Amino acid sequence: MARLTATDLAVRRGGRRVVEPLSFALEPGTLTAICGPNGAGKSSLLMALAGLLAADAGEAALDGQSLRALPAKRRARAIGYLPQEGSLAWDIAVQSLVALGRYPHGDAESEAGARAVAAALADTGLEDLARRPVSQLSGGERARALLARVLAGQPQRILADEPLAALDLAHQLRMMSHLTRRAHAAKEGVVLVLHDLSVAMNHADRALVLDKGRLIADGPPEEALAPSVIERVWGVKARWLGAPAQRALISDLPQPTHP
Amino acid sequence: MNRAGLVFAGLLAVLIPLSLLAGRVWIDPLSAKGASATLILMELRLPRAVLAVVIGGGLGAAGAAMQGYLRNPLADPGLFGIAPTAALGAVASFWFGPLLPPWIASWSLPAFALAGAALAMALLALIAGRSLSDGAAGAGGGIALFTLAGLMIASLAGALTALAITLSPSAFALSQIVMWLNGALTDRSWNEVWIAAPLVLVGLGALGFAARALDALTLGEEAARSLGVDPRALLWLLIAGIGLTVGASVAVAGIIGFVGLIVPHLVRPLTDRMPSSLILPSALAGGCLVLVADCAVRIAPFVTELRLGIALSLIGAPFFLWLLLRLRRGDL
Chain A
238 MARLTATDLA
248 VRRGGRRVVE
258 PLSFALEPGT
268 LTAICGPNGA
278 GKSSLLMALA
288 GLLAADAGEA
298 ALDGQSLRAL
308 PAKRRARAIG
318 YLPQEGSLAW
328 DIAVQSLVAL
338 GRYPHGDAES
348 EAGARAVAAA
358 LADTGLEDLA
368 RRPVSQLSGG
378 ERARALLARV
388 LAGQPQRILA
398 DEPLAALDLA
408 HQLRMMSHLT
418 RRAHAAKEGV
428 VLVLHDLSVA
438 MNHADRALVL
448 DKGRLIADGP
458 PEEALAPSVI
468 ERVWGVKARW
478 LGAPAQRALI
488 SDLPQPTHP
Chain B
391 MNRAGLVFAG
401 LLAVLIPLSL
411 LAGRVWIDPL
421 SAKGASATLI
431 LMELRLPRAV
441 LAVVIGGGLG
451 AAGAAMQGYL
461 RNPLADPGLF
471 GIAPTAALGA
481 VASFWFGPLL
491 PPWIASWSLP
501 AFALAGAALA
511 MALLALIAGR
521 SLSDGAAGAG
531 GGIALFTLAG
541 LMIASLAGAL
551 TALAITLSPS
561 AFALSQIVMW
571 LNGALTDRSW
581 NEVWIAAPLV
591 LVGLGALGFA
601 ARALDALTLG
611 EEAARSLGVD
621 PRALLWLLIA
631 GIGLTVGASV
641 AVAGIIGFVG
651 LIVPHLVRPL
661 TDRMPSSLIL
671 PSALAGGCLV
681 LVADCAVRIA
691 PFVTELRLGI
701 ALSLIGAPFF
711 LWLLLRLRRG
721 DL
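Protein sequence lines, in the order shown, are assigned to chains A and B.
If you're matching positions, the first sequence starts at 238 in the numbering used here and goes up one per residue.
If you're matching positions, the second sequence starts at 391 in the numbering used here and goes up one per residue.
Chain B with its partners taken away, still in its complex shape (with noise of 0.2 Å):
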């Protein structure tokens, strides 16, 4: 592990044991020995911190594998339509979940989610893939593209999503579904901990896998072709990597937006700056930056507890507001 991958570690061993003793009830670990204390740290904020831990390792890894694999500082799985797509699979799965036998509809919500950030993945690799894969286009061509064709599919799974709200079946589905948009870890078993685990498991394998050619792509897609990196490869492990990643985070948290924007931000400049060095320290800062922002929103005085989405987006877009003014005069 390199020396950022050691300080996240080490920062996350630190925040995990903090993080349960915080929220609405504080529990003091030396005199911490009633039962009800024992249910609320192994029940509630135990399954919640590995959670946020699961999800912000996923999220970050696959900001800083969507980063490298489109050589651009600003990319995040949630501004190429990954995550909103995952989010109206999400959604759906409350039209359809209902009408699946019972066995299946309990994990209707998840694998709709995970339908859907493959369906994104695999609509941006149609559109844009082809003009990765053709030396003419250039890289600043494809990524032009790329974005474009993730708006595009961002906004239309947004408006899909509207639509399904507005003809919702009924008004416990309406909040349902909309609280749902707003991700958040509240109320969250060790069930959920074992429907993301893996798969964010697996994707950060499929993103290990692909680090090394992320690096060849430093130099451009060319260069990196001619140093025998096959492209439609990459692409599929990507297409597994950050659909697994987000869309097994949105499957159980909902839409929680900018972790994977942020995080290689904070990682970088602890690294020699190659895409795989950031992958595994992106993954550990990702479960640091959730479970600190889920602790926020627990603590924080609402009248409700304020959706983790809805904090993450507050700073995400002053930070991404940041980078554009850094990327302006040339810092980045």
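Isolated chain A, as found in the complex (with noise of 0.2 Å):
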């Protein structure tokens, strides 16, 4: 199984303290969101779950072993990131584009890893779009295939930076069913970056709140995600409106009250 720990972990980037000493345990089959406002080092910190930044202080693991000391390959076949970042330096297929998530399997080319790319187009509904070209994907398309790829290298893990942005409405609905169904098949675990406070609250099942670099809030997006934590870490007034799963974020001061 799965576990992926913080302990005491603490991120510098750019010769800055951008995550403060922090711990928590993220268990398996669960889908868990990392909220806070812009510059809250939200993705410092999901990039550190990944294994791929050092930790400052103390220590991000995954079954009790730490990420840095685990074999880069070995990490990689564990846990599947997913950048925000989606660029892709050559207009390849969208096959060789999900073939790459067997990188650290090193088995593209075998029955195993052809199995898994079919298996990753077929989750994500691109079986018929596989030969393309992803310069003639449209945007939703797209932010598919690059799923498909993490998907490819079965991780027991995966860790996504902000997988919604740029996604329309329905499209963010398709990618987090998708996600959440990932999360609760057993042995799998998901975590989010997300701006969308509403998607965390629907979907997540468990919310960690950053402000400036330290954990605010840990727990059921129902507790993490309560009015008085917005207000103190966004400095917006809000109710949620609507029945569980089904909440709607109102903010009732269109100007923050932050200086």
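Hints in this document: simulated from the structure, not taken from any laboratory.
These numbers were taken from a predicted model, which means no experiment stands behind them.
Wrong hints could be hidden among the right ones.
[What the hints assert, rightly or not] DEER-style ranges, computed between Cβ atoms:
1. B:MET391 <-> A:GLU348: 39 to 47 Å
2. B:ASN572 <-> A:GLU364: 51 to 59 Å
3. B:ILE494 <-> A:ARG352: 51 to 59 Å
4. A:GLY377 <-> B:LEU546: 32 to 40 Å
5. A:LYS310 <-> B:MET569: 17 to 25 Å
6. A:SER324 <-> B:LEU489: 49 to 57 Å
7. B:ARG716 <-> A:SER414: 36 to 44 Å
8. B:PHE562 <-> A:GLY252: 53 to 61 Å
[As the list claims (entries may be wrong)] Here are some chain B residues pointing at chain A (derived, C-beta under 8 Å):
9. ARG414
10. VAL415
11. ILE417
12. ASP418
13. THR556
14. ASP605
15. ALA606
16. THR608
17. LEU609
18. GLU612
19. ALA613
20. PRO659
21. ARG663
22. ARG719
For glycine and all other residues, C-beta sits at the position ideal for the given N, C-alpha and C.
Got two chains here, each in a separate frame; can you build the complex from them with the hints?
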């Protein structure tokens, strides 16, 4: 099982501490949302959890093993990371893009690799577009292709940095239902950086709220994203409307209370 | 081998025999029986053809690897100071060669050229490697820094080469250096083939090892690292691979520019555009290009033979402009 833990984890980037020491354990089979205002350190925390940034203090560990001590390919087989920036250097076919997910397994040309790639394409509904160059995809298809690349690696954990950015409403819902399904499929776990608090509230099992690199709230979204937390962190007076899993955030005042 | 590889391997199989016939003296394959024809073929044209293929192969593959690494279709080993620094090393050997013991002296030119190429790659790695391994910089910043660092190294090597020319120890050394800087395959023998071929082969091997990691780099540096690519190991493989292929070619033939820029563009449309699919076909296509260019300069009606390096620059510079225009239109 893939239990992802942060123990007094702090991250430094560009000479500045962007994540202050924080601790939590992410159990498998859950969808966790990392929320916070711009510059709160969400992406840096996600990268550290993916083993891509060295810890300034403490450590991030997978099943008790420090991520930075794990061999890179073993770490990559366990953790699939989807960066926010999805630019591709070459106009490759969707199939080739998805097959890159097999890199840590080194078996893109073998039968097992081909099966995983086919499954990822089917899972994201891209079978018919497999031979199409990426430049000819719509924004939504492209986002699905990039996700399929991660799925093809069959990771135990999926970490994605704002996977909904640049997606329209229908594609957002489709992507979230997809990721929720992956999370609740017993062995996998999903960690997302999310800007849209309503999405976090309705889809996540757990929310971590960061502000200026500090962990402000951690728990079920109903608690971690309570109006009091939103006011404190974002400086916006707001309340939740609607039934559970269909909540919408309404801000009472358009102007922030922050100076 | 993929389709592009087969196409250029087939082309090479046709071009090599043809190239043996072309020159100031045309050899008729049906009636060439004389001793002088055999001599021309075996001791002049065959080594020259093999050397053209070896050098072109190294430069073509180095270009493909460089474009993959920088995620930029305009990258060329020559534009990043590697060939100029290798040439500076070669020029330095005209100075320091005579001071060395005789058994080393005959190897000093290729050794100095290789050391120059390695130095340029190491400098590039030192300056730009740091930005490439820092996730915050992003690919764009990394590429800009790499390009500017390469330009700086190229102009420094150029200035030092000019200095070496102005202060050259003798008129003979001066003409040697200048002739040498405009790469050529004239009067090359099997000796040069034995120097360059092993180095180029080892270099191609290193680039082959880097190929899969270059594929992963298509996704960007962060995603590639998340897939388990070790940026430092990749950088060193490229330093070895590009340093050996470009260094070896400069060591035996002087500066032959633009091959690494042009060739991947000829190959790419025939492939799935993955960097790993380009490296071997680019080596074969590079061999074709240099072989054809060398035959062209051999039979061109000039008083003396046109230098190969000059000829390829005359082709390469407009080609680069054409690429820039396509890039501006967003076709690249």
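The hints, checked one at a time:
1. For MET391 (chain B) paired with GLU348 (chain A), a C-beta distance near 21 Å fails the hint of 39 to 47 Å.
2. The beta-carbon spacing between ASN572 (chain B) and GLU364 (chain A), approximately 55 Å, falls within the hinted interval of 51 to 59 Å.
3. Between ILE494 (chain B) and ARG352 (chain A) the Cβ separation comes to about 57 Å, which falls inside the hinted range of 51 to 59 Å.
4. As the Cβ distance of GLY377 (chain A) to LEU546 (chain B) is approximately 49 Å, the hint placing it in 32 to 40 Å is violated.
5. Taking 17 to 25 Å as the suggested C-beta distance range, the pair LYS310 (chain A) and MET569 (chain B) does not conform, at roughly 50 Å.
6. Between SER324 (chain A) and LEU489 (chain B) the CB atoms are about 52 Å apart, so this pair conforms to the stated range of 49 to 57 Å.
7. At roughly 41 Å, the beta-carbon separation of ARG716 (chain B) and SER414 (chain A) lies within the given 36 to 44 Å, and the hint holds.
8. For PHE562 (chain B) and GLY252 (chain A), the Cβ-Cβ distance of about 55 Å falls inside the hinted range of 53 to 61 Å, so the restraint holds.
9. Annotation: interface hint on ARG414 (chain B) violated; nearest CB of chain A at approximately 43 Å, more than 8 Å.
10. With a least beta-carbon distance of about 45 Å to chain A, the hint placing VAL415 (chain B) at the interface is violated under the 8 Å criterion.
11. With a cut of 8 Å, the hint placing ILE417 (chain B) at the interface with chain A is violated, because the nearest CB-to-CB distance is about 43 Å.
12. With a least beta-carbon distance of about 46 Å to chain A, the hint placing ASP418 (chain B) at the interface is violated under the 8 Å criterion.
13. A distance limit of 8 Å between C-beta atoms decides the matter here; for THR556 (chain B) the minimum to chain A is near 42 Å, and the interface restraint is violated.
14. Against a cut-off of 8 Å between C-beta atoms, the interface hint on ASP605 (chain B) holds, since the closest Cβ of chain A lies about 6 Å away.
15. Evaluation of the ALA606 (chain B) hint against chain A yields a held restraint, the C-beta minimum of about 5 Å falling below 8 Å.
16. The interface hint given for THR608 (chain B) holds, since its Cβ lies 5 Å from the closest Cβ of chain A, which is under the 8 Å cut-off.
17. The interface hint given for LEU609 (chain B) is met, as the beta carbon of that residue sits about 6 Å from the closest beta carbon of chain A, less than 8 Å.
18. Evaluation of the GLU612 (chain B) hint against chain A yields a held restraint, the C-beta minimum of about 5 Å falling below 8 Å.
19. Residue-level restraint check for ALA613 (chain B) holds (minimum Cβ-Cβ distance to chain A is 5 Å; threshold 8 Å).
20. The beta carbon of PRO659 (chain B) comes no nearer than 11 Å to any beta carbon in chain A, farther than 8 Å, and the hint placing it at the interface is violated.
21. Annotation: ARG663 (chain B) was flagged as interfacial toward chain A, and the flag holds, the nearest CB pair being 4 Å apart, inside 8 Å.
22. Given the 8 Å rule on beta carbons, the hint for ARG719 (chain B) is violated: about 14 Å separates it from the nearest Cβ of chain A.
Violated hints, in rising order: 1, 4, 5, 9, 10, 11, 12, 13, 20, 22; the structure is consistent with all others.
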